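Assemble the complex: chain A is given as a structure, and chains B, C and D must be docked to it using the hints.
Chains as they are written, first to last, in this note's numbering: chain A, 241 to 596; chain B, 241 to 596; chain C, 241 to 596; chain D, 241 to 596.
Source of the hints: derived by calculation from the structure; they are not laboratory data. The model shown is predicted, which means the values in this text are computed figures rather than measured ones. Cβ coordinates follow ideal geometry from the N, Cα and C atoms, glycine included. You may find that some hints are simply not true.
Unchecked claim - One-sided excerpt, in silico: chain C residues whose CB lies under 7 angstroms from chain A:
1) K287
2) A291
3) A379
4) Y407
5) I501
6) N510
The lines below spell out each chain.
Protein chains: 4
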Amino acid sequence: MVRKLQVGVSGLGRMGARHALHFLERTPRADLVAAFDPDEKALAWAKDRLAPFGTKLYNDYDEFLKHPGLEAVVVAGITTQHAAQAVRAIEADKHVLCEKPLSTSIDVCENVLKAAQAKPHLTVMCGFSRRFDASYRDAARRVQNGDIGRPSILRSQTCDKHRDDDYFVQYAKFSGGIFVDANIHDIDLALWYFGQDSVVKSVTAVGINARLAELERYQDVDNGIGIVEFYGGKIAYFYASRMMAAGQEDTTEIIGTHGKIVVNGNPQQNLVSLHESTGIRKDVPQTYYDRFEHAFVTESNEFTECVLDGTKPPFELAGAVAAVKIASALQKSLVTGKKIEYSESGEEIVSEKARL
Amino acid sequence: MVRKLQVGVSGLGRMGARHALHFLERTPRADLVAAFDPDEKALAWAKDRLAPFGTKLYNDYDEFLKHPGLEAVVVAGITTQHAAQAVRAIEADKHVLCEKPLSTSIDVCENVLKAAQAKPHLTVMCGFSRRFDASYRDAARRVQNGDIGRPSILRSQTCDKHRDDDYFVQYAKFSGGIFVDANIHDIDLALWYFGQDSVVKSVTAVGINARLAELERYQDVDNGIGIVEFYGGKIAYFYASRMMAAGQEDTTEIIGTHGKIVVNGNPQQNLVSLHESTGIRKDVPQTYYDRFEHAFVTESNEFTECVLDGTKPPFELAGAVAAVKIASALQKSLVTGKKIEYSESGEEIVSEKARL
Amino acid sequence: MVRKLQVGVSGLGRMGARHALHFLERTPRADLVAAFDPDEKALAWAKDRLAPFGTKLYNDYDEFLKHPGLEAVVVAGITTQHAAQAVRAIEADKHVLCEKPLSTSIDVCENVLKAAQAKPHLTVMCGFSRRFDASYRDAARRVQNGDIGRPSILRSQTCDKHRDDDYFVQYAKFSGGIFVDANIHDIDLALWYFGQDSVVKSVTAVGINARLAELERYQDVDNGIGIVEFYGGKIAYFYASRMMAAGQEDTTEIIGTHGKIVVNGNPQQNLVSLHESTGIRKDVPQTYYDRFEHAFVTESNEFTECVLDGTKPPFELAGAVAAVKIASALQKSLVTGKKIEYSESGEEIVSEKARL
Amino acid sequence: MVRKLQVGVSGLGRMGARHALHFLERTPRADLVAAFDPDEKALAWAKDRLAPFGTKLYNDYDEFLKHPGLEAVVVAGITTQHAAQAVRAIEADKHVLCEKPLSTSIDVCENVLKAAQAKPHLTVMCGFSRRFDASYRDAARRVQNGDIGRPSILRSQTCDKHRDDDYFVQYAKFSGGIFVDANIHDIDLALWYFGQDSVVKSVTAVGINARLAELERYQDVDNGIGIVEFYGGKIAYFYASRMMAAGQEDTTEIIGTHGKIVVNGNPQQNLVSLHESTGIRKDVPQTYYDRFEHAFVTESNEFTECVLDGTKPPFELAGAVAAVKIASALQKSLVTGKKIEYSESGEEIVSEKARL
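Next up, chain A with everything else stripped away, as it sits in the complex:
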């Protein structure tokens, strides 16, 4: 019989539950053999939804890691646990697919990277969903094909639909801020399309709280704009928002010397348009999952494939650390109000005055 990857999912919150179902139902070469969550409610859901198919449930992460035959772990719980769980899984010799960001702390990110580098036989991937999206991949193919000449300017945004509850405020406590939480995806795209070895020259960020004044308490904003200059004549600029009226609006433009690629210039839930007395109307995806569901499924399948077939993941773990570094710098610029400049060797250039 065919060998199937023995997978466990850690964290069965909103996104973790989806990962679990993707591995259970939509990843033919994987078996979801175990799942962990410390929360009773999450486990109750899993008992109903996963256990009947043979998934063993755990409320203790160490026990979970010891599940007989477990080969790979999906780390999908709360952000503050990502890195620690990933490292422990690596140490237990498990392949790891870790939700983004690895951590909101650069040092912690680097710990994960080091742990992974110490076990080169393991597949350790960070879950940048857009890397698995058909449209972003088509864009990458065209960029690599030279269709737009040399990529020079990138504009990218991650914009969530407004919520009437206090979700985004609660979330800000541990999210690391809007650039780390939302624009991390756009930063990763910049590295993808400009080259993973792109060296940051400066970062600048500004922001406002247009609707969620309470975010200020966490030094966060509901609308942020950032610019990242790279050495070699490339600039990326980003926008993130928590207050879109219509829905999730994640749009990217890659502008090259000889052409431009737009990804998702016109957000759409499906192929329907409604002609009514007030004009023509189209629905917009309500959440990032509405937009990227298929990308997540591709992610679980390709992670599985990499492990089983011993192939290289589509992108390096080091890139995930680089993205967090840039995101953190934007966050710092937002808070301090200062533009931050870097030498070509990657060190922050501190002005005379600041040094005094």
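Chains B, C and D alone, transformed into the frame defined by chain A:
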């Protein structure tokens, strides 16, 4: 000084008033020297809006035709008067721009054509506004350029926004029916893109009254669909409606052996889209004038140019008669419920039974 | 453990192979336990791709039906075998998902229907993929919700990309003609949106061979247009083509008294647009599978669900027969050049002359 | 007879010639009585194109200003002459429509403003064409109507099509730089939609020369990105480029607390789309004039109307000065690489270090 064409407009109703203003204000090489309308209200408007600029007003068509120096007449009154006024203007040796249709009667149309042919030094044009529209012209250029191979299938529709009043019912009394009034434009497009010498092989039409039951009294419908087969392997199919919710939706597809051109596949009032909680919304032109205003202005300028420079009009008057013939046949098919077939020499093929 | 539906796929040609993979990999509640194809090449593919996962392969349909524990059969081979295989599977007490059309013959279709009606405990579905497409379902929801008032006019097209080989000519030998093969989907949509009990009043069809002159040998065309009038003031009109330059263009408009729904007005392969020196360009799906892949997967999952949970399928088998009847009538109208009329009780109205 | 405004145009270069024709042919309430240009070639064109209609030509600006009966002057020559000519025209008691920018120098701009303020009976307008564009006006109407809540974020870009010649390099000598030349329009939009009294809090700009390395000589870039923070929680961010492959791409988003307006999210030359073997393609306007022709015509008509009817212009001249100030600050930030901060009273905040 530069010579300007001395123009008079006959009929100052909704569209006539617009023609008058186009010649007065937006046709630099023309002077609007005279205007005629039998209606007091229309003349009152003209007294206020045209007379101050030197336009002489008439309530008698013969007097109007005798206006000193008058060179050209725009026939823009009610459809039932088009032909008679056009013929009299031609007989008075005036150039004529006549609103479509020349007449709802083929015989009457042919009278106009004969009158025009008897005075070959005169410019006599039928006002098919789409012939002057930038997008339809771009389509024509591409077709002639061979961009889509041999044009084979044409789909075209003329769809008006629903009105809560009884305008369309009143209008049906003299409009000649939906195919003659609305699809005449689409038929003209078929002749343009397929070739003016296209020979009809068959026509079929069906229709319903979905909202305007009273149209039945006039043997008319508020939604009509027609198919016209041409000899040589070409088919045009048409849709006309009086009940669009969003606005004017005039869309055309020209399908060739090697490509397709779509004109106005996504109706839009302007370049604005509104993102709101119910999705993304765009406005639609509310009337044919919203959609074709610039085409009408181009029409007045090019008519003027043809006369002053002695150049050929962009299309022949005979085509306008051919379009009415096809439209009338569709109307006949609608009413009788029968498909009508024609020999290659243009004669209706009457079945055995019908001949008995 | 959870019960999984024991499924066998009959026919492993292009679409059959896809169905097999959908049940094998993308239908969590089903096991693909058996597969049948008389062709050695197809079986070789299956040996490589299906057998390792435990699927037993057969080159004899009767043996296949006797596979131990087999509960459901997907009939996905050549059209001419659909009905016979479906009937035998039903007689062997298997649930059946049969590719469209059941048959190109109405009588044969009715045999399948009778066989199914004799075994009401079985789920017997016809694979109208659009019924499972998210956009068409959204349209249905809106129609049922009254968003566009009373649906009155339906325009729908199934247009394939041109192929340089003789595929469509070879295919025409047994496809039943363009209306039966392609527009059958659009006809099914008309019944869905207008109501399954809609009664046909007349059908008319015309067509040309613009590129594939050899189709004439099989009384088929590469571009066909048809109109179907229904009693109660509803009209559907259809277009099918084998010569689209850009790709698969399946577009539908449902026009109601108070609004309009467009499905796929702007065909698109993904969310990318390319700005280049010749303008802005978007890719188009190349095949129906590019367009409807997810619908096919939903189809296999919902079929499985209906059987396992004993729920009703989303549409009745009788509708599939009704669709073939209409498609055949269009094909007959195409060949005879005649409009065909029906009484409200469904009988063809034969003219005096024809009766003589 | 009706009074017509006696207009003279100064400068008959590319845009000046267009202004002249707009007043000659497309501004019914104005007469183009005079035109000035020092260049023989421009005058030769005018002799052929304007003089026959009665326009008197001048190669001396003072003589031009003395043209009998001249009431209003359109200043449309090279940027470096805008301010001086405007001031002299104002001093000669003429109404003035001055092309943007008034000057690339803030002091010079303020001189124009002072001159205008000294003659409040004169209409003095700066030609921000987008203020007259139907789509931008629709956006303004919606913003004022509260359709998107409180406007908070504005994204706007002015992107020219790449040219193979050295036009942009030559132009950079006197254009004031990309922010002053191109983004000035976007800055003006920010003031329009955010409120003319918006107070700048900071500006930051970066840029690259991706194709036109020679621009560096003039401290200019071919791609620039800028951020402007305003007091009161509003941010505008801008992009300008000289290297678009497809054409002119001027797009604006106004993001409010409860909705978003997009202007020109999908640039298009007309309503045609072409389906061909490589996908679906749409043309893009090649120049700003392709995009804004009708806005320019509206501009000449409304300027005329303001003068003749004594009505207020749609926006104040002071705004044009404010826009130049912001544009100059962005240019300074680009060159120095520094973020510039302002106190709420409008003064630049100089850091400790810089003061030493």
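A quick look at each hint next to the structure:
no.: 1; hint: K287; result: violated (13 angstroms)
no.: 2; hint: A291; result: violated (10 angstroms)
no.: 3; hint: A379; result: holds (6 angstroms)
no.: 4; hint: Y407; result: violated (26 angstroms)
no.: 5; hint: I501; result: holds (6 angstroms)
no.: 6; hint: N510; result: holds (4 angstroms)
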